Amino acid sequence: MASGVLVFGEATDDGGLNPVTKELIAAGSNLGGPVTCVLAGTGVEGLAQECVAAGAGKVIVVDDPILTPYQGDAYIPMAERITKEVDPSVLLMGQTMMGRDLAPRLAQRFSTAVAMDCMALSMDGDQLIAERPCYGGSARARYKINGTPQMATLRAKAVEPLAPDSSRQGEIVRQDAGVTADQVRTKITDRRKEKAEGVRLEDATVVISGGRGLGGPEGFKELEDLAEIMGGAVGASRAVCDLGWYPVPTQVGLTGKVVTPDLYIAVGISGASQHMAGISSVKNIVAINKDADANIFKASRFGVVGDWKEIFPAFKEKVRELKSA
Amino acid sequence: MPHIICLAKQVPDPETPAAQFKVDEAAKKVIPVPGIQPVPSQFDTIGVEAALRIKDDVADTIITIVSLGPDSNRDTIKHSLAMGADEGVHINDPAVNDSDHWATAETLAAAIKKLEPYDLIIAGRQAVDWDMGVVGTTIAEILDLPSVTIAKDVKMADGTVTVERVLLDGFETVEAPTPCVVTVSNELGEPRYPQLRQIMQAAKKEVKTWTIADLGIDTPQNRTTLEALFVPDTSIETEFIEGESAQEIGEKLAVRLNEEKLI
Ligand SMILES: Cc1cc2nc3c(=O)[nH]c(=O)nc-3n(C[C@H](O)[C@H](O)[C@H](O)COP(=O)(O)OP(=O)(O)OC[C@H]3O[C@@H](n4cnc5c(N)ncnc54)[C@H](O)[C@@H]3O)c2cc1C
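Residue numbers (our numbering), protein chains in the order written: chain R, 25 to 349; chain Z, 2 to 264.
Read the hints as simulated data drawn from the structure, not as lab findings. The reader is advised that the hints may include incorrect statements.
[What the hints assert, rightly or not] Derived lysine-lysine pairs resembling DSS-like cross-links, with alpha carbons at most 25 Å apart:
(1) Z:K156 with R:K211
(2) R:K340 with Z:K253
(3) Z:K253 with R:K322
(4) R:K168 with R:K181
(5) R:K181 with R:K322
(6) Z:K262 with R:K307
(7) Z:K253 with R:K342
(8) Z:K115 with Z:K206
(9) Z:K153 with R:K211
(10) R:K217 with Z:K153
(11) R:K347 with Z:K206
[Stated by the list, open to error] A partial selection of chain R residues facing chain Z, derived with a Cβ cut-off under 7 Å:
(12) D125
(13) Q132
(14) I169
(15) T172
(16) R215
(17) G239
(18) K342
This one's a predicted model, so the numbers in the text were calculated from it and none came from an experiment. Beta carbons: idealized from backbone N, C-alpha and C, even for Gly.
Please construct the entire structure, taking both the sequences and the accompanying hints into account.
In structure tokens, the structure reads:
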């Protein structure tokens, strides 16, 4: 009989634990656990204890160079074997590049289904209830999954991690990937970072985002100034990324990043549902927009109706003054 | 002759104004808005664009559009044909028109098998109605093909597909042997818009209609149950900052945020 929760944790490119791992462990615990966490990659063994402290009862470490960087063909046989061994009732991954790619393929291997990009998970008896946004963030859907394991991917920051507790006991086991190079049909020939300096958008406590209303790429200079004053990061709407005004990795929204700062300042952004999907858990949204009826104001705590070019400089200078006072 | 299969779904217009977007909670369906026509799912149209860019280089490439859904899906196929695709297959069968993602993937995979041989299958990274993002990769798994997700550029030459993939903080180049599945994202660029002459030509292109019986499979079963569909209420009270001049308003905003300990 399938039981417990299996989660697939992740390391970041620079070797730390991807925060979504702790959120997945917490989500699994909230569903009743016990939680087994898989950590796959290279040099990931050192992260196992952190997973135990975060609430994992067992950590399966699979340390193998074939697993870095991620390729579906390398991960699927490994994930399939571990899933068979653990035989979980619920299986969770992050809505990350890995989760997006791996979860559907793994689900197919077990003739089950996966609810992608979930914001809330709960149990109804033995049944997982997975709640997720759809229709570009305009609606929410709740699913049950008629297969085993019941799979879901979890959106970043949807669940609070448990407070780390170094006295927690957990079993840590090592396994081989059991994958050979000839099983990997794809080949990564190049990898490039687009924008690395400064605060990471996902980690920033202040995000200042610009939209088409900025009128051109130059407008972002002003936003960058304020971000520097506030120690924040600059984001963008898809419209401006599509126009080439700002780099693609800064896109916030449904098909960009989900951000969770304490303060989100939207400048010249209309607030389409697909953009709002990336800031749905932000409590303090400030909108500067010349259209009083813009959708962005509906979800904003503070609003300014006007031309950003006139308002923003005064706002920025006052923030600078208040910060240095 | 290279053969590319593009999957194309029809969806309610995602640009429907928020105020008009309504859900029938009992039926668990989105209520169609009078006067707003369904449209081809944006990422699928981008997929057709990706295929056409390959065809621009290798002129004898054949592009087949496969779409599953009710009668109106014909418009989506016609749009892709007008963009420059060669043939269409419309799977139209009440037994599967309303399937979940998994039954849809199984049905489409059966249709793709019938269209063998092929070199490349292109799907959108997700359909813009349910935003689930699983059909392309699931088809790869059913057909035991390699897959590469979230592409911004797709090239095909000498049995290798070279994909520029969008990562969180950059890009990677991935090579996959044909046949394989690629899902595309908006970073690929704007899809071309059909000219009137192409729309007229498209009317003459062949669209086959298939049912489950034509595919020779049993009706695939849904693997999910939709328990609820609703519109979340995300609106909050907004404090509008007002003043005599832009200068005053800008400064006031900073002061208010400071009072709330937000800066
Ligand atoms: C499938 C799909 C996925 C999508 N994913 C995303 C996503 O992840 N992220 C995303 O952002 N979008 C996404 N979109 C696009 C989304 O629907 C909108 O088109 C986009 O967010 C609009 O960007 P914008 O607000 O910058 O531009 P617009 O909608 O053009 O808004 C510009 C705003 O600026 C205001 N303005 C103009 N001039 C000034 C001025 N001088 N001062 C102040 N205000 C001014 C205007 O009043 C207007 O409200 C997606 C769309 C689809 C269909």
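Each hint, compared with the structure:
1. Proximity of K156 of chain Z to K211 of chain R is assessed by CA-CA distance (about 15 Å); at most 25 Å being required, the pair is judged to hold.
2. Restraint check for K340 of chain R and K253 of chain Z: the C-alpha separation of about 11 Å stays at or below 25 Å, so the hint holds.
3. At roughly 21 Å between alpha-carbon atoms, K253 of chain Z and K322 of chain R fall within 25 Å of each other, so this suggested pair holds.
4. In summary, the hint linking K168 of chain R to K181 of chain R is supported, as the alpha carbons are separated by about 22 Å, within the 25 Å threshold.
5. With a C-alpha separation of about 22 Å, the suggested pair K181 of chain R and K322 of chain R falls inside the 25 Å cut-off, and the hint holds.
6. Taken as a hint, the K262 of chain Z and K307 of chain R pair is honoured in the structure, with Cα atoms around 13 Å apart against an allowance of 25 Å.
7. With a CA separation close to 9 Å, the supplied pair K253 of chain Z and K342 of chain R stays within the 25 Å bound.
8. Restraint check for K115 of chain Z and K206 of chain Z: the C-alpha separation of about 19 Å stays at or below 25 Å, so the hint holds.
9. A distance of roughly 17 Å separates the Cα atoms of K153 of chain Z and K211 of chain R; the hinted pair therefore holds under the 25 Å criterion.
10. Simply put, K217 of chain R and K153 of chain Z have alpha-carbon atoms about 15 Å apart, close enough for the 25 Å limit, and the pair holds.
11. For the proposed pair K347 of chain R and K206 of chain Z, the alpha carbon gap of about 65 Å is over 25 Å, so the pair is violated.
12. With its C-beta approaching chain Z no nearer than about 5 Å, D125 of chain R sits inside the 7 Å limit, and its interface hint holds.
13. For Q132 of chain R, the suggested interface contact is upheld, since its CB lies about 4 Å from the closest CB of chain Z, less than 7 Å.
14. Because the closest C-beta pair between I169 of chain R and chain Z is about 6 Å apart, less than 7 Å, the hint holds.
15. The interface hint given for T172 of chain R is violated, since its Cβ lies 11 Å from the closest Cβ of chain Z, which is over the 7 Å cut-off.
16. Because the closest C-beta pair between R215 of chain R and chain Z is about 4 Å apart, less than 7 Å, the hint holds.
17. A distance limit of 7 Å between C-beta atoms decides the matter here; for G239 of chain R the minimum to chain Z is near 16 Å, and the interface restraint is violated.
18. With a cut of 7 Å, the hint placing K342 of chain R at the interface with chain Z holds, because the nearest CB-to-CB distance is about 4 Å.
In summary, the numbered hints that this structure violates are 11, 15, 17.
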